[in-house]
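Asks: So the chains spell out like this:
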Amino acid sequence: MRSSKQAQSRLALTMTTTMTLEEFSTLVDIHGSNIENWPPALRKVGKTLLENSDRARILRTAQRRLEQQLDQITVPEFTGLQARILNQQLPPRNGSLLDKLLDWLIPAGGITAQLWRPAMVACLPLVFGIVLGNYYSFGVGLEFSEVEYWEDELAMLSLSDYSESIF
Amino acid sequence: MTDEELMLAVCDGDQSAYQIIVKQHLNSISHYAYRMLGNQKDTEDITQETFLKLWVNAGKWQPEKSKLSTWLHRITHNLCIDYLRKHSRMQTQEDIENEVDAALIEKGGDDGDDVTQQQLAKLDQAIGRLPENQRSALMLCHYSGFSNKEAAAIMNLSVKALESSIARAKRSLRKEMSENDNAQ
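Top line first, the protein sequences correspond to chains W and Y.
For this note's numbering, add 22 to where a residue sits in the first sequence, where the first one is 1.
For this note's numbering, add 311 to where a residue sits in the second sequence, where the first one is 1.
Hints were generated in silico from the structure; no laboratory data involved.
The structure presented is a predicted model; accordingly, all values stated were derived computationally and were not measured.
A portion of the hints provided could be inaccurate.
As the list claims (entries may be wrong) - Taking lysine-lysine and the DSS-like style, the derived pairs with C-alpha atoms no more than 25 Å apart in a straight line are:
| id | chain 1 | residue 1 | chain 2 | residue 2 |
| --- | --- | --- | --- | --- |
| 1 | Y | 364 | W | 69 |
| 2 | W | 69 | Y | 471 |
| 3 | Y | 364 | W | 122 |
| 4 | W | 122 | Y | 371 |
| 5 | Y | 471 | Y | 376 |
So here's chain W without its partners, still in its complex pose (with noise of 0.2 Å):
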């Protein structure tokens, strides 16, 4: 990939000083016939060619008739177009709060959103967890007062390490 990319700014080094037939046509077609649109770094090697070369000139001359036959290619009217268009039922811009809630944790742009938002994606799992685990006693009875209960459920997601305390 690097040669390859070496490759070419010498390649394009060495068409700034001179410029075979072959390069000089490939030049026509991507950049057209007017050689002031070229890029800056090739127009000078280009135009000496023109001058010196009967070949590269036919070949401007080949690549202008085409581009002038083009041009000469129309489109047609499309009336009414732009009133179908204007006049056609928009869906509401405002999307529902889960759209809207889906937005903001996926968006479109920017480093920093792209790696936290789907972060806080992943955390909606533990939260519900815990949401549902604090509503819903499953069948278990709990002995302990809410307050109680709550500090053990701190204590266990800070992941500390009872097995000394037990002893």
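Assemble the complex: chain W is given as a structure, and chain Y must be docked to it using the hints.
Replies: Below, chain Y without anything else, positioned relative to chain W:
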């Protein structure tokens, strides 16, 4: 108002800002779609869908990454490619030839300008026969006035691949036109 201000207004549901954008970009979008598809009915459908997508996805445009016209052409390009892949290429080519024939009849095919008109019709047909990527590259750079870099972004290609497509397209067209000249 700048494109950015207009798009912010569209994000807030401002329909008058949407109308301004439609009026500004309608011609370039419909012309590009027509040159890709070659028939009027599908061009109108694709153009309408492009602007509907603009309305729905306005918040996804990133002004720091691309100009609004580039983004809109990219939407149109993707819709055209989807269309061309869903429908058979032969059908689209047939449409192009029918429209070219109709245009010739409208312009009076037997007039003194006959040879030029026929040449243009042949060129139009030759454009229609180009592979999608070559046709698209030629249309974006020659007619829509995009730089090679912008056209490459629209087509999701490298600049080098785009330039290769343009060169191949022009060589192919020149070859067809010279064969046509020799036949006459």
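Asks: Hint by hint, say whether it matches the structure.
Replies: Against the structure, the hints come out as follows:
no.	hint	in the structure
1	Y/364 x W/69	violated, 46 Å
2	W/69 x Y/471	holds, 23 Å
3	Y/364 x W/122	holds, 18 Å
4	W/122 x Y/371	holds, 13 Å
5	Y/471 x Y/376	holds, 20 Å
Of the hints listed earlier, the one the structure fails to meet is number 1.
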